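Colleague: So the chains spell out like this:
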Amino acid sequence: DSGVTQTPKHLITATGQRVTLRCSPRSGDLSVYWYQQSLDQGLQFLIQYYNGEERAKGNILERFSAQQFPDLHSELNLSSLELGDSALYFCASSVTPYLNTEAFFGQGTRLTVV
Amino acid sequence: LAKTTQPISMDSYEGQEVNITCSHNNIATNDYITWYQQFPSQGPRFIIQGYKTKVTNEVASLFIPADRKSSTLSLPRVSLSDTAVYYCLVGDEAGANNLFFGTGTRLTVIP
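Chains A and B, in that order, are what the protein sequence lines are. FYI, the numbering for the first sequence is 19 to 132, going by the numbering used here. FYI, the numbering for the second sequence is 3 to 113, going by the numbering used here.
These aren't lab readings, by the way, just hints derived from the structure by calculation. Note that the coordinates shown come from a computational prediction; the quantities given were computed from them, not determined experimentally. Glycine included, C-beta positions come from ideal geometry on N, C-alpha and C. Each hint should be verified, as a subset may be incorrect.
One-sided excerpt, in silico: chain B residues whose CB lies under 10 Å from chain A [as the list claims (entries may be wrong)]:
(1) I35
(2) T36
(3) Q40
(4) S43
(5) Q44
(6) G45
(7) R47
(8) G93
(9) F102
(10) I112
In isolation and in its complexed conformation, chain A is listed as follows (with noise of 0.2 Å):
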């Protein structure tokens, strides 16, 4: 157990709607990190907050965001759903602000956009 919370497991949804998965990072971790891994696409890094701020940006669709909230918990919301969306959604931490470094990622979230 990594110690990073992701919910929900699983989520299944239709294309054009709007979903929000959660990350509670590890107690006392003030980074936190989206990721995206496809079949096709590999592990993709979304973004990263740091202590509420946005830190870094990667391959962040304009229909996704993201937000840390005081608590430090995260969300990433995924809007105008398509199919192409269906993906694990894993979410890390880590005690750092920096990019590369040692982060403890969740169990993921896995996305069907049918």
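Given chain A, work out where chain B should sit, using these hints.
Modeller: Frame of chain A; chain B shown alone:
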């Protein structure tokens, strides 16, 4: 941010030492090299990170030659439970705006 190249797959017998090499020809001066392990339907797990020469921890060693254009993850005496995908990442701690995991190396340990 430097991109990486790894073998797509490797097979090894139980009890053998496994070396997985990652090429990162355009690694920058401030870049570190990090390896993660991932089991099916689980999040990646940090294995080791290094900058130069050799780093060892309780699960693996990381060898980095002087030119730092490649690195080798060494797993001593693998067991069936080491069957997983291994990812090499290269980037500086401060972070350019992206981080590439690459396709990883699928290691299969055979009894």
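Colleague: What are the numbers of the hints the structure violates, in ascending order?
Modeller: 10
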